[in-house]
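Going line by line, the protein sequences match chains B and R. Under my numbering, think of the first position of the first sequence as 2, with each following residue one higher. Under my numbering, think of the first position of the second sequence as 319, with each following residue one higher.
If you are wondering where the hints come from, they were derived from the structure by calculation, not from laboratory data. Treat each hint with caution, since some may be false.
[As the list claims (entries may be wrong)] With beta-carbon atoms standing in for the labels, derived distance ranges:
1) B:118 with R:355: 50 to 56 Å
2) B:157 with R:345: 57 to 63 Å
3) R:399 with B:346: 26 to 32 Å
4) R:365 with B:366: 23 to 29 Å
5) R:365 with B:203: 22 to 28 Å
6) B:86 with R:354: 57 to 63 Å
7) B:46 with R:345: 25 to 31 Å
8) B:251 with R:347: 31 to 37 Å
9) B:75 with R:336: 47 to 53 Å
10) R:347 with B:82: 45 to 51 Å
11) B:75 with R:385: 49 to 55 Å
Heads up, the beta-carbon is just placed ideally off N, CA and C, and yes, glycines get one too.
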Amino acid sequence: MPSNCFKSLLVAAFSFFSTFFFNNAFSQGEGVHKDGKKGFNAKEVIFGHVLNNHDFHLIDIVEDNGEKRPVSIPLPVILYSKQRGLEAFMSSNFHHGEQNYRNYMMLTDEKIEELKLDATKYNAQDILAVNDKGEIDSSVRIYDVSLTRNVVQMLIALALFTRVMLAIAKKYKNGHGVTSAPKGSQSLLEPVITFVRDEVAKPNLGHSYEKYLPFLLTIFFFILINNIFGLIPGSANVTGNIAFTAVLGIISFVVILFSSDKHYWAHIFNPPGVPLGVKFILVPVEFISVFIKPFALIIRLFANMVAGHIIIICLISLIFIFGNMNKFAGWGTAPFSIAFTIFIYLIEVLVAFLQAFIFTMLTAVFIGQAIEGKQHQHNEKHEDSMLA
Amino acid sequence: MDLMTIMLSTPLGNAGGAVGAGLAAVGAGIGIGQIGKGAVEAIARQPEVANDIRANMILTAALVEGAALFAIIVGFLAMVL
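Could you put the whole structure together from the sequences, leaning on the hints where they help?
Set out below in structure tokens:
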């Protein structure tokens, strides 16, 4: 009944606009921010976990007088600036941002508020140059190339991944699993590798799949192992870092570009079988899509991983947020929150595998689109020889 | 003080970001629900290709979810920037 639909729409619009003409009293939202410092600061916990840090923060020990003493594994800080040169030291010298060391200062959330810095430009764990009096020296531009949490965890994952893969490859080279049944770690990885070869590489890349198979397998296992490492409590969020996924996306983009040939670009700038008017719209869209496709890869992996981590931490933080208001509310929230968290954790394990697979599959699809021109040529040649 | 004045004095970026992310979740829910519907109906019609259909369903669901996550990231940027 279209008139019923229109009536409901009118009712909705009228109710919405009528709310503008009511006088209401709202409780102050600002006061909550100040209390958050003493109680549980959910924002600090969430961003402290999701962003990059200069140490592996393990736990906070609450001492008798209520002070929190963080326990963490410090990591090297390596800074380069033109005025001061290359400096390297351990991040424990900063004592979690309380002291300045060698005329460098590490920011914390409290310091950003104290010094009234622009919260969008400065984050916690940034390192700034200060002069002897402790004031910020903004003429010194620091390039922070430290071994932060993400870097160290990525290197550990890389070392483990390389060791496992080389061990399995040596087993195959010695002849185990080639003529006999695979044993041990071979039987763990062989189905996965054949899955990537048969479901991802061969359907999309056709005849030249062997050239790209090492790249696809590396991307798949590297993303997978970094995803899995990120799920361990207390670890860093490597794949949820836009810089990490951006590099992976750019590498895929470069591989796609280097495997494209003139047929690919001819199809983009001159799509066959398209009327002239549509071409004016289609050619810019096709050209932009060359860049948008790897960009979507980057954002997809980054957003999936970061969203998963934030959901898990938020659900656990709910316990502490409710616990601050009322102790029994905190205890009551705990079972539900933990049940939800376990559920989301299992979904995150699935998402870890899925995102690695999707990244690899889409890279294979895009490479397949880029090398398609050669396939058409080959097929045409075969057809001609058959006709003759 | 009426509603308009109060609304414009509070952090509107946070509210806008949250509303946008919620709408993105609605879109993702509808999209993936339709993918699931198509996949389950296809499996009901031809059970022996269930594995192929399942693989395609998961792939398509990941693509739709990627689009929804674009919107969530933009919502997040609305809050931060």
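Structure-based check of each hint:
1. B:118 with R:355: 50 to 56 Å: holds, 51 Å
2. B:157 with R:345: 57 to 63 Å: violated, 38 Å
3. R:399 with B:346: 26 to 32 Å: Holds - the Cβ-Cβ distance for residue 399 of chain R and residue 346 of chain B, about 31 Å, lies within 26 to 32 Å.
4. R:365 with B:366: 23 to 29 Å: holds, 27 Å
5. R:365 with B:203: 22 to 28 Å: The hinted range 22 to 28 Å holds for residue 365 of chain R and residue 203 of chain B, with Cβ atoms some 25 Å apart.
6. B:86 with R:354: 57 to 63 Å: About 59 Å separates the Cβ atoms of residue 86 of chain B and residue 354 of chain R, which means 57 to 63 Å holds.
7. B:46 with R:345: 25 to 31 Å: Since residue 46 of chain B and residue 345 of chain R have Cβ atoms about 30 Å apart, the given range 25 to 31 Å holds.
8. B:251 with R:347: 31 to 37 Å: Distance hint for residue 251 of chain B, residue 347 of chain R holds at roughly 32 Å.
9. B:75 with R:336: 47 to 53 Å: Between residue 75 of chain B and residue 336 of chain R, where Cβ atoms are some 36 Å apart, the hint is violated.
10. R:347 with B:82: 45 to 51 Å: Given about 49 Å between the Cβ atoms, the range holds.
11. B:75 with R:385: 49 to 55 Å: violated, 41 Å
When the structure is compared with the earlier hints, violations turn up for hints 2, 9, 11 and for no others.
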